[in-house]
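Visitor: Build the full structure now, drawing on both the sequences and the hints.
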Amino acid sequence: MSDSARPRVAALALAVGIVLADSSIVVLALPEIYRELDTSVAGVTWVLISFNLVMALAAVPAAHIARRVGPGVAAAVGLAIFAGAGFACGVSDDLTTLIVARCVQALGGAAAVTAALELLPATVGSEKRAAAVWASAGATGAALGPAVGGLLTELVSWQSIFLIQVPIALGAAVPILGVAKHEMATRVIETELRPAGRPHLAANIALAMVSAAIAAALFLLVLLLIEGWRLTPIGAAIVVSVMPLAAFAGSRIDPFVPSAKARAAAGAILVSGGLGALALLPKAEVWLTVPPQILVGVGLSLVLSALTETALGGRAPQAIHGGWTISARHAGVVIGLLALTPIFTHDIAEQREDAIDAGTAVLLDSKVTPLLKLELAGRISDQLDEEKGKVPTIGPAFKPLPSDPEQRAQVETLRDELQDQLDRGATHAFSPSFGLAALIGLLALIPIGLARRVDL
Amino acid sequence: MSSNFRSQLLVGASVLASLVLVGAYLAAGGSSYTPKQTQDPCKHRQWTNPGSLQEIAQQFSLSAADGAACELGVSREELIRALPSEEARQRFLDEYDIGADEFARAIRAGLLRAIDDAQKAGALSPLVAGPLRATIEQIPLDQAIELVEDASSAFETFQNFLGPAGDLLEEIFG
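Protein chains in written order, with numbering that gives the first Met the number 0: chain A, 0 to 455; chain G, 0 to 173.
A hint or two may mislead.
[What the hints assert, rightly or not] Computed footprint of chain A on chain G; a stretch qualifies when at least three of its residues, placed anywhere within it, have a C-beta under 8 Å from a C-beta of chain A:
1) 3-13
2) 52-63
3) 72-83
[Unchecked claim] DMTMM-like, lysine to aspartate or glutamate: derived pairs with alpha carbons at most 25 Å apart:
4) A:Lys-398 with A:Glu-411
5) A:Lys-398 with G:Glu-86
6) A:Lys-398 with G:Glu-145
7) A:Lys-282 with A:Asp-422
8) A:Lys-282 with A:Glu-349
9) A:Lys-398 with A:Asp-422
10) G:Lys-42 with G:Asp-115
11) A:Lys-127 with A:Glu-308
12) G:Lys-119 with G:Glu-54
13) G:Lys-42 with A:Glu-352
14) A:Lys-398 with A:Glu-352
15) G:Lys-119 with G:Glu-145
16) G:Lys-42 with A:Asp-364
17) A:Lys-282 with A:Asp-403
18) A:Lys-366 with G:Glu-145
19) G:Lys-42 with G:Glu-86
20) A:Lys-366 with A:Asp-253
21) A:Lys-260 with A:Glu-182
22) G:Lys-42 with G:Glu-70
23) A:Lys-398 with A:Asp-419
24) A:Lys-366 with G:Asp-39
25) G:Lys-42 with A:Asp-353
26) A:Lys-366 with G:Glu-54
27) A:Lys-282 with A:Glu-352
28) A:Lys-366 with G:Asp-115
29) G:Lys-119 with G:Asp-39
30) A:Lys-398 with G:Glu-85
31) G:Lys-119 with A:Asp-364
32) A:Lys-282 with A:Glu-374
33) G:Lys-119 with G:Glu-136
34) A:Lys-366 with A:Glu-349
35) G:Lys-119 with G:Glu-70
36) A:Lys-366 with A:Asp-403
It is worth saying that the hints were derived from the structure and are not from the lab. None of the values given here were measured: they were computed from a predicted structure. Ideal Cβ placement from N, Cα and C applies to all residues, glycine included.
Guide: Right under this line is the structure:
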């Protein structure tokens with residue numbers, strides 16, 4: 000690769016990374032958006048779904064357009080649209096505007112990502128190398144997205160997640176402008192068009208299924224940590240960083256196992272195993288999420304790279320087949336979120352009621368004096384009302400603690416028992432969704448197995 | 000090591016790691032969570048050897064809450080959370096579509112059941128129980144709710160009011 004090509008490769012990798020990070024970057028900000036825009040859990044999920052849905056629908060058409068108008072033009076225009084829509088997301092003060100801006104952002108993103116794959120072979124020298132750069136930039140963006148989003152939400156605001164993308168996307172567009180100008184001046188693109196072959200069906204279906212399971216893992220885990228266990232976004236960002244770290248470690252396995260089929264199968268099994276364990280968390284303790292996250296992280300790195308490699312391997316043009324993989328992955332995310340959101344929102348509401356009743360039963364059966372019991376019941380009732388629809392933090396309802404040491408100890412025990420009931424209830428509410436996501440991940444083994452004849 | 004063997008090793012290790020983790024979480028009670036069950040308020044609860052006035056008042060409150068909850072077809076826990084404030088009560092009435100009269104009747108029925116339970120447990124003498132029943136029929140809803148919340152002051156008042164004459168009558172009539 001020549002020195003003059005490096006800035007362009009870096010710009011293209013940055014463009015792919017930032018767009019694919021956007022698929023998951025808002026995950027940790029969702030609870031904050033949910034509170035600030037005064038919406039429902041199901042409503043706020045559309046901030047995530049809308050982006051992924053438009054990416055899924057627009058990726059392949061965007062790849063075709065990129066080949067017609069020129070990938071340089073498509074990438075530059077795509078990044079400009081992405082930046083403009085990002086600004087609109089950052090200044091939006093209602094859910095509808097935010098969701099519309101996210102859709103526009105995804106349109107620009109789809110154009111930029113697929114055009115980048117068309118531009119990369121000429122820049123790095125080969126289609127294989129281009130595919131590797133493109134896939135790793137996307138994986139890095141997707142893996143880092145939630146943690147970066149969590150940090151920005153905690154340190155600045157959820158709006159900053161979008162506003163910071165504006166200069167980055169525009170900056171990435173600058174080195175591509177030269178190519179765009181050249182394309183517009185020479186108009187050589189159409190004569191270079193090659194017919195696109197059929198997409199690799201089995202690999203793309205498997206990608207969609209695995210992506211559904213992974214999206215569920217990330218989304219549900221974040222909601223469990225923030226809404227269920229009341230961690231701050233920065234705390235949750237630190238916890239879910241285990242997944243990208245494990246993914247990075249998992250990527251080291253690739254060179255030792257040449258068989259993409261074996262890597263894909265092992266990855267799908269690990270993702271399902273991790274999700275299965277998350278469905279069976281024995282206690283509401285953060286450290287218990289670490290081993291399942293390690294399995295999911297290693298698994299996702301194995302399965303995504305193996306399936307993307309298979310879907311792109313020996314197929315031309317790369318942009319179109321890259322478009323299919325983008326489409327499959329984002330469609331999977333959408334299906335996962337649409338299928339699982341109603342389940343866990345229903346379960347969390349039901350479990351909340353059960354846990355609150357169980358907590359009150361603990362209170363009424365406790366040894367504290369009747370007057371204090373009823374006073375606490377009142378304070379708990381107010382606390383529940385204040386934190387309507389969420390799993391409440393019960394601690395403030397017990398303040399001030401009684402001055403009498405014996406009564407104080409009783410009340411502290413009671414408070415811990417009550418919070419334990421609520422935490423366990425919240426944890427249990429996520430179990431069916433994690434379990435279903437694990438099943439989807441396991442079912443991905445079917446297309447992986449069926450792909451034998453096409454040399455997966 | 001052949002690439003075929005490495006492939007088999009990778010898949011085998013993935014299956015093993017998944018099974019070990021899922022098995023460990025199952026063994027640690029991952030599937031055993033059930034929330035503490037709330038009891039049927041229509042079922043009479045055993046009074047536990049009431050000693051002090053405080054203990055009697057506590058069990059009286061719980062019996063009254065059980066009785067009222069049974070009348071309204073809700074759990075005792077839900078009713079108790081509705082009692083402490085006007086706002087909480089209104090939320091409860093709206094949620095279950097219960098009218099104010101129906102609620103007042105249920106509270107009084109609960110208090111009467113508590114008196115019966117207290118008498119059966121030997122915690123309340125007939126001399127206190129009688130006037131208390133009559134009082135419950137007359138007092139406004141807010142005071143009835145106060146009685147559910149804390150009956151100790153009412154018991155004290157009745158005992159002080161009856162005074163030594165009450166003790167004498169109790170000795171004569173049991």
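Visitor: Output the numbers, in ascending order, of every earlier hint that fails for this structure.
Guide: Violated: hints 17, 19, 20, 21, 32 and 34.
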